[in-house]
Amino acid sequence: MSDSLTMVGRSLRLTMRTPDALLTSLLLPVMLMLLFVYLFGGAIQTGTRYVTYVVPGVLLLCAGFGASLTAVSVSHDMTGGIVDRFRSLDVGGAAVLAGHVAASVARNLASTVLVFGVAFLIGFRPSAQPLDWLAAGGVLLVFMLAISWLSAAIGLLARSPEAAGGFTFFMAFLPYPSSAFVPIETMPTWLHGFAENQPVTPVIETLRGLLLGTPVGTSPWQALAWCLGILVASVALAGVLFRRRTA
Amino acid sequence: MTHELAVEATGLEKSYGAVKVLAGIDLRVERGSVFALLGPNGAGKTTTVRILSTLIRADAGHARVAGFDVVRDRRRVRRSISLTGQYAAVDELQTGEENLRMMGRLSRLPGSRARRRARELLERFDLADAGGRRVATYSGGMRRRLDLAASLVANPAVIFLDEPTTGLDPRGRQAVWQVVGALAGSGVTVFLTTQYLEEADRLADRIAVLDGGRVVADGTSAQLKQKVAEQRLDLELADASAFQDIAGLLGGRAVQRDSGRLTIGVPTDGSAAHVRALLDEVDPGRRAVRRFAVHTATLDDVFLALTGRTAGRPEKEKETANV
Numbered sequence: 000m001s002d003s004l005t006m007v008g009r010s011l012r013l014t015m016r017t018p019d020a021l022l023t024s025l026l027l028p029v030m031l032m033l034l035f036v037y038l039f040g041g042a043i044q045t046g047t048r049y050v051t052y053v054v055p056g057v058l059l060l061c062a063g064f065g066a067s068l069t070a071v072s073v074s075h076d077m078t079g080g081i082v083d084r085f086r087s088l089d090v091g092g093a094a095v096l097a098g099h100v101a102a103s104v105a106r107n108l109a110s111t112v113l114v115f116g117v118a119f120l121i122g123f124r125p126s127a128q129p130l131d132w133l134a135a136g137g138v139l140l141v142f143m144l145a146i147s148w149l150s151a152a153i154g155l156l157a158r159s160p161e162a163a164g165g166f167t168f169f170m171a172f173l174p175y176p177s178s179a180f181v182p183i184e185t186m187p188t189w190l191h192g193f194a195e196n197q198p199v200t201p202v203i204e205t206l207r208g209l210l211l212g213t214p215v216g217t218s219p220w221q222a223l224a225w226c227l228g229i230l231v232a233s234v235a236l237a238g239v240l241f242r243r244r245t246a
Numbered sequence: 000m001t002h003e004l005a006v007e008a009t010g011l012e013k014s015y016g017a018v019k020v021l022a023g024i025d026l027r028v029e030r031g032s033v034f035a036l037l038g039p040n041g042a043g044k045t046t047t048v049r050i051l052s053t054l055i056r057a058d059a060g061h062a063r064v065a066g067f068d069v070v071r072d073r074r075r076v077r078r079s080i081s082l083t084g085q086y087a088a089v090d091e092l093q094t095g096e097e098n099l100r101m102m103g104r105l106s107r108l109p110g111s112r113a114r115r116r117a118r119e120l121l122e123r124f125d126l127a128d129a130g131g132r133r134v135a136t137y138s139g140g141m142r143r144r145l146d147l148a149a150s151l152v153a154n155p156a157v158i159f160l161d162e163p164t165t166g167l168d169p170r171g172r173q174a175v176w177q178v179v180g181a182l183a184g185s186g187v188t189v190f191l192t193t194q195y196l197e198e199a200d201r202l203a204d205r206i207a208v209l210d211g212g213r214v215v216a217d218g219t220s221a222q223l224k225q226k227v228a229e230q231r232l233d234l235e236l237a238d239a240s241a242f243q244d245i246a247g248l249l250g251g252r253a254v255q256r257d258s259g260r261l262t263i264g265v266p267t268d269g270s271a272a273h274v275r276a277l278l279d280e281v282d283p284g285r286r287a288v289r290r291f292a293v294h295t296a297t298l299d300d301v302f303l304a305l306t307g308r309t310a311g312r313p314e315k316e317k318e319t320a321n322v
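Taken in order, these protein sequences are the chains called A and B.
Be aware that the first sequence starts at 0, since it is given in numbering that gives the first Met the number 0, and climbs by one per residue.
Be aware that the second sequence starts at 0, since it is given in numbering that gives the first Met the number 0, and climbs by one per residue.
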C-alpha cells in the first residue's frame with residue numbers, strides 16, 4: 000500500500016514535469032469545446048442550446064484522451080530499466096501501474112473541472128440536483144478509471160512509447176461516432192449500429208440525462224456495465240502482460 | 000544469514016523458445032567478495048543475473064542468494080539485494096535527490112531517513128551539487144553514479160551490477176571502478192558482469208568465464224591468465240623459411256601461429272630482459288625477425304585458450320617496435 004502511494008507521488012511528479020503533455024491534456028478539451036460550440040454549433044440542431052448538448056461529449060473526449068496518455072508513460076517505464084529495479088526492491092507491477100492510473104485520474108479530474116468552468120462561462124446551464132451531480136461524477140470517474148487501466152494494458156502491449164502514443168489517437172476519435180457531438184439520427188444508417196452500441200454512447204447519454212434532468216432510461220446500467228467490464232478485463236490483461244513482459 | 004556463501008547456484012538452466020541461454024551453470028561466491036562473470040554478448044550473463052536477482056525463474060537448477068532460495072524465499076532475497084541493470088534505472092524527469100528518496104521509500108525507510116540517506120549518498124557519489132537538478136541534465140557518468148547510489152540506498156548485502164561500465168567514457172568507467180573498489184572490503188558482496196577482462200581483472204577476487212551458457216573456467220584473475228599467458232610476444236618473420244625454422248624451434252611454446260601473415264606468438268612476462276632474451280634465442284643472427292609487438296592478454300585470448308575460438312572482438316596491440 001505504501002509502495003502504491005510512493006508510486007502515485009512519482010507519477011504525479013512525472014506528470015507535472017511534462018508541461019507540454021499536461022497542457023495538451025488540459026487545454027485540448029477546452030479548445031475543442033469552443034470549436035464545436037462557436038464554429039460548428041450554429042449548424043447543428045439538437046433541440047437544446049448546443050453548448051448544453053455538447054458538454055458531456057467534451058468531458059468524455061477529454062477523459063479518453065487524458066487517460067490514454069497513461070499508455071505512453073507505462074510504455075516508457077517498460078522500455079527503460081526502472082521496472083527491473085522496482086521489482087528487485089519487491090515493488091510489484093500492481094503498485095507501478097496503480098501509480099500511473101492514479102496520476103491519470105488526477106489529471107483528468109483537473110481537466111474536467113476546467114471544462115466545466117469554461118462551459119459555465121459560455122452558457123452551459125445544467126439543471127442537475129446534487130444527487131445527479133454525484134451520480135454523474137461517479138460515472139465519469141468509473142469511465143476514467145476503466146480507460147486509464149485499459150491504456151496501462153495497451154502501454155504494456157506496445158513495444159515503444161511512440162507505438163503506445165497511437166492509442167491516444169484512437170481514444171481521441173472514439174467519441175466522434177457516438178451521440179457526443181451530433182445526434183446519431185443524423186449519421187448515415189450504416190453507422191447507427193456502431194454509434195448506438197459503442198461504450199461511449201451510454202456514458203454520454205447518462206451524463207447528459209443526469210446533468211439536464213431528463214430521463215436516462217437504461218443508459219446508466221449500460222454505461223456501468225461497459226466501464227466495469229473494461230475495467231475488470233483491463234486489470235486482468237495488465238496483470239498477465241506485466242508478468243509476460245518481465246519474464 | 001549464517002550462510003558462508005553469498006551466492007550459490009547449481010545447474011541453472013534457462014531457454015527462450017528453442018534457444019538454450021544457460022546450459023547448466025554452477026556458481027559459488029563468497030560473502031564479502033567481488034565476483035565477476037566474464038563473457039561476450041549473448042553468453043548468458045544478464046540471464047544469470049536476472050535469475051539470481053529473482054526477476055526470472057530458471058527452468059532447472061537451484062540458487063540461493065544471501066542464504067535464501069531465489070524461488071521459495073523470493074521476498075527475502077529481494078530485501079537483501081540490489082540490482083543495477085545495463086540501462087540506467089532512474090527517472091530522468093525527477094531530480095537526483097528525488098530519485099534516491101523514492102528508492103529509500105520503496106526500501107521501506109521512513110521519510111526522514113530516506114531524505115538523510117539520499118543526501119549521504121549524493122555526497123558520497125560526488126553528486127551533492129547536482130542533487131537538485133533533473134537527471135535529464137546529467138552526463139552519462141553522473142547518471143551511472145546516481146544509478147549506483149540508488150542501488151545502495153537500502154544497504155543491501157549482495158549487489159548485482161550488470162555491465163556497469165558498458166557505454167561509459169574512460170572517466171565514467173574510472174568512477175565506477177572507484178565505487179566498486181570502495182565497496183570491496185566493506186562487507187557487501189558484489190556480483191558484476193562484464194565483457195572486459197581488464198575490468199574483471201581490476202575489480203574481482205574471483206572470475207567465472209561464461210560462454211554459450213556454460214562456465215568454461217573460473218578462478219582468480221592470476222589463475223585464469225596463466226592459462227593464456229598474460230603477455231605475448233608476437234614476432235613477424237622475414238620469410239617463410241624463417242617462419243618454419245622458428246616454429247620448429249619453439250614447438251609447443253608458440254601459443255599463436257599464422258603462416259599466412261608469418262607471425263608467431265610466445266608467452267612473456269613483458270619485461271625488457273625477457274623479451275630481449277627471447278629475441279636472442281629465436282633469432283641469434285638477427286635477420287629472421289622483422290618486427291615484434293608485445294600483446295597484452297585480452298578476453299579474446301582467454302577465449303581462444305578456453306574454447307578454441309575467438310569472442311569476435313578486435314585485438315588490441317601495444318608497444319609495436321622495429322628491430
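What the hints contain is simulated information worked out from the structure, not anything from laboratory work.
Predicted, not measured: the structure shown is a model, and the values here were computed from it.
A few of these clues could be false.
[Claimed, not checked] In silico negatives: residues of chain A with every beta carbon more than 12 Å from chain B: (1) SER1; (2) MET30; (3) PHE85; (4) LEU88; (5) VAL117; (6) TRP220; (7) ILE229; (8) ALA246.
[Claimed, not checked] Have a look at the derived ranges for each label pair, beta carbon to beta carbon: (9) B/SER14 - A/VAL112: 52 to 58 Å; (10) A/VAL231 - B/ASP58: 31 to 37 Å; (11) B/GLN255 - A/ALA246: 42 to 48 Å; (12) A/LEU130 - B/GLY139: 54 to 60 Å; (13) B/ASN40 - A/VAL112: 48 to 54 Å.
[Claimed, not checked] For the chain A half of the interface with chain B, some residues (derived, Cβ under 10 Å), not all of them: (14) LEU13; (15) GLY79; (16) ASP83; (17) THR213; (18) THR217; (19) LEU227; (20) THR245.
Cβ atoms here follow ideal geometry from the backbone N, Cα and C, with glycine treated the same way.
TODO: Compare the structure with the hints numbered earlier in the document and write down the numbers of the violated ones, lowest to highest.
DONE: 1, 3, 4, 8, 17, 18, 19
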